[in-house]
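Student: Take the sequences, apply the hints, and build the full model.
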Amino acid sequence: MVSASKAAREAKKAAAGKTAKTKKGDDVAEQMKKMDLQEDKEGISDRVTTGVLSSLEASRDVKITSASLVFHGKVLFNDTTLEISYGRRYGLLGENGCGKSTLLKAIAAREYPFPEHIDIYLLNEGAEKSDTGALEWVVQQAQAKLNDMEKQAEEILEHEGPNSPKLEDLYERIDGMDPSTFHTRASLILTGLGFNKTTMDKKTKDMSGGWRMRVALAKALFVKPSLLLLDDPTAHLDLEACVWLEEYLKKWDRTLVLVSHSLDFLNGVCTNMMDMRQQQLMYFGGNYDSYIKTRGEQEVNQMKAYEKQQEEIKHIKKFIASAGTYANLVRQAKSRQKILDKMEADGFIQPVHQDRVFSFRFADVEKLPPPVLSLDNVTFSYSGNAADNLYENLDFGVDMDSRTALVGPNGVGKSTLLNIFTGKLYPTSGQVSRHTHLKLGMYSQHSAEQLDLTKNALEFVRDRYPAVSQDYQYWRQQLGKYGLSGDAQTALMGTLSEGQKSRIVFALLAIDGPNMLLLDEPTNGLDIPTIDSLADAINDFTGGVVVVSHDFRLLDKIAKDIMVCENKTVTRWDGSIGEYKKHLQKKMIAAGAV
1 MVSASKAARE AKKAAAGKTA KTKKGDDVAE QMKKMDLQED KEGISDRVTT GVLSSLEASR
61 DVKITSASLV FHGKVLFNDT TLEISYGRRY GLLGENGCGK STLLKAIAAR EYPFPEHIDI
121 YLLNEGAEKS DTGALEWVVQ QAQAKLNDME KQAEEILEHE GPNSPKLEDL YERIDGMDPS
181 TFHTRASLIL TGLGFNKTTM DKKTKDMSGG WRMRVALAKA LFVKPSLLLL DDPTAHLDLE
241 ACVWLEEYLK KWDRTLVLVS HSLDFLNGVC TNMMDMRQQQ LMYFGGNYDS YIKTRGEQEV
301 NQMKAYEKQQ EEIKHIKKFI ASAGTYANLV RQAKSRQKIL DKMEADGFIQ PVHQDRVFSF
361 RFADVEKLPP PVLSLDNVTF SYSGNAADNL YENLDFGVDM DSRTALVGPN GVGKSTLLNI
421 FTGKLYPTSG QVSRHTHLKL GMYSQHSAEQ LDLTKNALEF VRDRYPAVSQ DYQYWRQQLG
481 KYGLSGDAQT ALMGTLSEGQ KSRIVFALLA IDGPNMLLLD EPTNGLDIPT IDSLADAIND
541 FTGGVVVVSH DFRLLDKIAK DIMVCENKTV TRWDGSIGEY KKHLQKKMIA AGAV
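Residue numbers (UniProt numbering): 1 to 594.
I should point out that these hints are in silico values taken from the structure, not numbers from a laboratory.
The structure presented is a predicted model; accordingly, all values stated were derived computationally and were not measured.
Ideal placement from N, C-alpha and C gives every residue a C-beta, glycine not left out.
Among the hints, erroneous ones may be present.
[Stated by the list, open to error] No farther apart than 25 Å at their CA atoms in a straight line, the calculated lysine-lysine pairs in the DSS-like style are these: (1) Lys304 x Lys317; (2) Lys304 x Lys338; (3) Lys250 x Lys582; (4) Lys224 x Lys251; (5) Lys424 x Lys568; (6) Lys304 x Lys293; (7) Lys342 x Lys308.
[Unchecked claim] Computed beta-carbon distance windows for the label pairs: (8) Ser180 x Gly210: 50 to 60 Å; (9) Leu53 x Asp388: 22 to 32 Å; (10) Asn163 x Gly210: 39 to 49 Å; (11) Gln470 x Asp536: 24 to 34 Å; (12) Gly210 x Asp46: 43 to 53 Å; (13) Arg361 x Gln332: 55 to 65 Å.
Tutor: Quick look at the structure:
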């Protein structure tokens with residue numbers, strides 16, 4: 001029998017342990033929050049910026065010279081120009097980890113001297129959890145914005161008079177708001193983003209993070225800030241909502257800076273490109289295809305000029321070296337040395353800096369004879385009630401040579417279908433058959449949640465696979481294969497970009513060596529060259545692949561079978577993914593959704 005005093009001591013000890021564990025959990029959560037905000041442990045921003053406003057204070061065009069951005073001591077760009085012209089739609093480009101998201105956060109925090117009359121909205125978090133439905137939340141936010149603008153107009157009128165150039169745009173926006181149409185216009189935007197009459201009234205506190213991001217995006221589109229910053233806005237959208245958003249943003253008449261890794265989306269939306277390369281910001285007119293063409297032409301001309309200058313330098317140096325002591329040759333040598341000195345003072349033409357391109361692959365696997373994975377007369381409902389069925393009587397399978405794309409609106413159960421394949425979910429009726437040697441590898445858009453963001457990548461993979469190797473050099477090579485190299489391997493994972501975190505997850509997936517890949521939104525956060533590498537890796541993989549993705553270009557490169565999930569069943573689409581996109585566009589136009 002345990003004494004009362006001993007029991008009390010044990011209870012106290014357990015409570016203390018629980019408190020310590022809770023405190024540790026709170027400390028980790030606080031550390032993660034600061035990482036997300038890009039703040040150090042004291043809550044001070046990890047970003048250091050400089051810049052001088054060179055455009056007029058009252059102008060809607062912004063030009064900031066001598067601009068620099070340093071993050072965690074790493075120079076992202078230096079002594080460059082940050083220039084954003086009103087009414088343009090910029091695609092912000094750069095490889096994973098170059099600092100695109102960091103730049104957007106610095107602009108949104110007004111760490112650069114943007115004039116106060118330019119209101120800036122960065123979409124990087126969902127609507128807050130509340131008892132308010134999606135529609136009412138957007139309307140309330142719109143009303144609050146209208147009140148702010150009216151107050152701002154009064155202050156400008158009082159301090160700068162009725163002739164202030166700032167008032168024209170402000171009055172135009174106030175007139176365009178029209179509160180009597182708030183509910184109708186907000187409903188149209190939410191419908192385009194995938195909401196229906198029921199989900200529009202759903203409380204935001206009952207929504208997933210992805211749906212609350214959609215609500216926040218609806219607010220951003222509705223209030224139309226002077227400068228809208230969108231960081232990978234399609235990450236939480238299905239193909240249908242991506243098509244709607246592309247069509248909507250084509251008509252965006254304010255200023256937009258967009259980070260997107262969907263070439264298709266950039267081509268459809270953008271009027272200009274801003275490229276973060278070689279610690280500079282470089283600007284190009286036109287969409288992504290125009291950027292590639294112009295940049296290619298510039299690089300060809302640059303290499304020709306570089307080679308010509310190098311040949312000229314070689315001849316000058318050769319002449320100087322062979323001039324000897326002859327008076328007339330010495331004079332000529334000195335003259336040519338001055339030419340060389342002037343070249344150096346003006347800055348030698350540099351060779352073209354090639355982007356880092358890496359190609360990764362999934363290991364070859366044993367070929368399994370069909371049937372490998374099949375659904376036989378499968379019906380599924382989360383509640384078990386027939387009225388709630390997501391799928392009914394599915395007969396559908398994949399084999400080792402399958403390259404299957406699952407498409408369809410959000411909420412129809414594409415991710416659910418993948419979870420039925422893995423056995424994470426069981427059908428209400430029917431049977432799932434798996435080959436006895438089948439090893440499934442699942443990549444989901446939430447896979448990065450398995451990472452311990454308070455560790456660096458090297459520590460994490462070594463600790464996760466202690467039996468494979470304890471050698472850091474081995475793990476450096478493994479991570480390097482997937483494009484995570486240098487300082488990114490030893491930085492805390494919480495400070496890495498989403499694309500860099502995704503590369504770590506792909507490395508883990510490859511180490512596990514599955515013979516069939518189930519990929520749920522694998523392109524989120526990846527830059528365009530990395531998506532191309534992923535497409536090549538999928539095409540070269542000797543196992544089967546099922547993919548859910550909103551990236552039309554990836555699907556165009558890999559999909560042999562396009563399966564549409566809709567109306568509680570799965571049906572084959574007989575055309576290409578491009579034809580499916582046109583089908584969605586026509587459907588929206590016919591419904592008057594855009």
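Student: Each hint: holds or not?
Tutor: So, going through the hints one by one against the coordinates:
1. Between Lys304 and Lys317, the direct Cα distance comes to roughly 20 Å. Compliance with the 25 Å bound is thereby established for this hinted pair.
2. A C-alpha spacing of about 23 Å is found between Lys304 and Lys338, which places the hinted pair at or below 25 Å, so the restraint holds.
3. For the given pair, Lys250 sits about 16 Å from Lys582 by alpha-carbon distance, which is consistent with the 25 Å threshold.
4. Pair hint Lys224 plus Lys251 holds up; C-alpha atoms about 12 Å apart against a cutoff of 25 Å.
5. For the hint pairing Lys424 with Lys568, the CA-to-CA distance comes to about 20 Å; that is within 25 Å, so the pair holds.
6. The straight-line distance between the Cα atoms of Lys304 and Lys293 is roughly 17 Å, inside the 25 Å bound, and the hint therefore holds.
7. Under the criterion of a C-alpha separation no larger than 25 Å, the hint pairing Lys342 with Lys308 is consistent with the structure, at around 16 Å.
8. Taking the beta carbon of each, Ser180 and Gly210 are about 32 Å apart, not inside 50 to 60 Å as hinted.
9. For Leu53 and Asp388, the Cβ-Cβ distance of about 57 Å falls outside the hinted range of 22 to 32 Å, so the restraint is violated.
10. At roughly 47 Å, the beta-carbon separation of Asn163 and Gly210 lies within the given 39 to 49 Å, and the hint holds.
11. Evaluation of the 24 to 34 Å hint for Gln470 and Asp536 yields a pass: the beta carbon distance comes to about 32 Å.
12. Hint check: Gly210 to Asp46, Cβ distance near 27 Å, so the stated range 43 to 53 Å is violated.
13. Arg361 and Gln332 have their C-beta atoms about 58 Å apart, which keeps the hinted 55 to 65 Å range intact.
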